[in-house]
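Novice: The lines below spell out each chain.
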Amino acid sequence: MGNGSVFDEMWGSDGQLRSSYAGVRDWLDSETPARLRAKSREAEDLFRLTGITFNVYGRAEAEERLIPFDIVPRVISAREWQRLSRGIEQRVRAINAFLHDIYHRQEIIRAGRIPVEMIARNEAFLPQMIGVTPPGGVYTHIVGIDLVRTGDDQFHVLEDNARTPSGVSYMLENRETMLQMFPELFARNRVQPVQTYPANLRRSLAACAPQANGTPTVAVLTPGIYNSAYFEHAFLADEMGVELVEGHDLRVVDGRVAMRTTEGYKPIDVLYRRVDDAFLDPLNFNPESTLGVPGIMDVYRAGGITIANAPGTGIADDKAIYSYMPEIVEFYTGERPLLENVPTWRCQDPEALAYVLDNLADLVVKEVHGSGGYGMLIGPTASRKEIAAFREKLKARPGNYIAQPTLSLSTVPIFTRAGLAPRHVDLRPFVLVSPGNIHITPGGLTRVALKKGSLVVNSSQGGGTKDTWVLED
Amino acid sequence: MLGKTANGLFWMYRYLERAENTARLIETGQRIALTRTGAGDGEWRSVLQTAGVSSSYDAGHGSLTKDQAIDWMLRSKDNPSSVLSSLEAARQNARMVRTALTHDVWEATNGTWMWARDLLSRKVAERDLPKVLHGVRERAALVRGATDGTMLRNDIYDFLRLGTFLERADNTARILDVKYYVLLPSVAAVGSSIDNVQWETILLSVSARGGFRMEYGSNATPRDIAQFLILDRRMPRSLRFCIGKMCDNLGYLVTSYGSRPPSHDRIDDLRACLEVDIETIFDSGLHEFIQKLLRRLGDLGRQIEIDYRFTE
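Line by line, the protein sequences give chains A and B.
The numbers in UniProt numbering rise by one with no breaks, and the one at position 175 of the first sequence is 175.
The numbers in UniProt numbering rise by one with no breaks, and the one at position 20 of the second sequence is 20.
The reader is advised that the hints may include incorrect statements.
What the hints assert, rightly or not - According to the in silico footprint, chain A covers these stretches of chain B (three or more CB under 8 Å from chain A):
| no. | region |
| --- | --- |
| 1 | 3-17 |
| 2 | 94-100 |
| 3 | 105-118 |
Note that these hints are calculated values from the structure, not bench results.
Backbone N, C-alpha and C define an ideal beta-carbon position, used for all residues, glycine too.
If we strip away everything but chain A, and leave its shape as in the complex, we get:
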């Protein structure tokens, strides 16, 4: 990664302020470092009291941790956002069409655009979904598209999250915190609101209910209070005004999935589940699972409930499939993809593997089904020993990995003890899909690598978050 080529979103290479940041600059100039430091601490206390914490797997003592919050907002201009959202919408439409096709006629394979083994031998492909059409034809009710920026007009999709994208509660709480701490900032800058997300989510989910009569009952399914994202599950249920249920609250009663209430069992129409496919139904998937509902898949196949996102959507955010996304977008929309992919080597392919093994020190290597920044290699910052160890893993199971060049992610300033300092960021906008409607919340979750020079923004690896502004036109 060439340091000279890093794109900073606030300052141009000539040291000129980019116009979208004028409001933020004025604000920073009017504040003293001491006051900002005090505000920073205040924000942290606020987060702790609200309980916005996440659990880190594999660390017994540090049970609940706070995701660090940086008070300098990240700004996206209306023009940039318009372009981005068109690209996101196109991509999400393609993903839904792809999922429908893959579980029905598989035209894309017949057309030779994707090799059949990419699907047939893929663990994320769910045979139980073959021939099943979800209510309203929607597969991915909620999508998070991870974007990185490398230049003025250059955005790349790093990854599509089509299973159960998380982080939206941080997007909302970050804005809430900024509103509480710096109300004057929002009086002076015209920022597009994000706070309607929960209401939109509920409306969008309800619009996907199996039958259109009456007000559908929506519930959020969580694995429970020990899950790393439990706060978010409770937060969303609370904000939507719906029940937060666990597997043991549910059972199949008279062909419907129903929750145990103080007055008996009550049927559910739409289940926003934050439980992985494998744990959803011990009768149909992992028999050991205590997190799911025995028989829910049978109700689902009979059209008795909407599961959001649909089971089997993981096939669309699999990192090997990702490398085919440009073809997928073109195949289903007939348009050229508006958003670029990051060039990707599929290690399953012997030629690609050979290249990756020769260039490990310059590449990022990821597990096909991995997430959260676990189990990846970042060549440029890894030690020789780590690279050697990873080489063996890669050779043992090449099909399990893809590799990408280390992108020069854009930077945005954060507030540090020594003043403002640029740090690398990514962006996860959140997309809601219902029959005939795709809604994108302006902005999304900006994750920021707090360590100088680091490219890893994942919260599980020490990343933080920022409030993300999309300015009004």
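Given the coordinates of chain A, work out where chain B should sit on it, guided by the hints.
Specialist: Quick look at chain B alone, frame taken from chain A:
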């Protein structure tokens, strides 16, 4: 409402009430130890008994000392009813029922737990003890106040009140159970200063000294104290008051749900037990009477759990 949520609310408020009651018991023990000359650590035995943690204490300790007894009740993780364990359990339940609580209640509960976790991470020095115990009561009042001021009066509220008053009734009954002999009209000790101190203890441990004085003046008899703690209609920790409140909340549930499950018969029985005067209670045996109430309170709790589908 989910059965699980009713369960979580019920226990969240039982644990909050328990933390507060235990703090008050420690304060009482401390107070007596300080005002009584030459008395050993004997008083701590009855304090442990009242808190219902006497035998579990013995299982983990060789002898009974004041410091260890306080530590056991205040912050031991091995004692599920210690102040710290109770606050942790209350907060864990609150997390589980997060969607049923207002932001104010959740923040008060979470803040209380964070405060206690930091403060009780190390042994509390004796000189800091009053401040810590006062803090526990203050924090409990904060959660109660947030509950009173911000929660909707619906079935959610009914279940949390049932938890509060079942725990409180249980606590008052246990205080009487352990100390009943002080209130008996025994020939030898009547009017002696020891008795006065013991009566003080009882009133102190339910924060009722002031209220009692207001009602009965300073010429108290054990009979008056028993009357006050068992039958008084206005004293918020008396058995009659707590059981009356549970009656109300169960009644509201009948109205909102339109059904009347067996727990309502249990609460009616309990209320009937209290339709007596204090003379009758003493004549037929104070100890037996309290024992009977404690058993019925336990039965009521179990029946509520069944009736409202707390678990599968």
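Novice: Please flag the earlier hints that this structure goes against, numbers listed from lowest up.
Specialist: none
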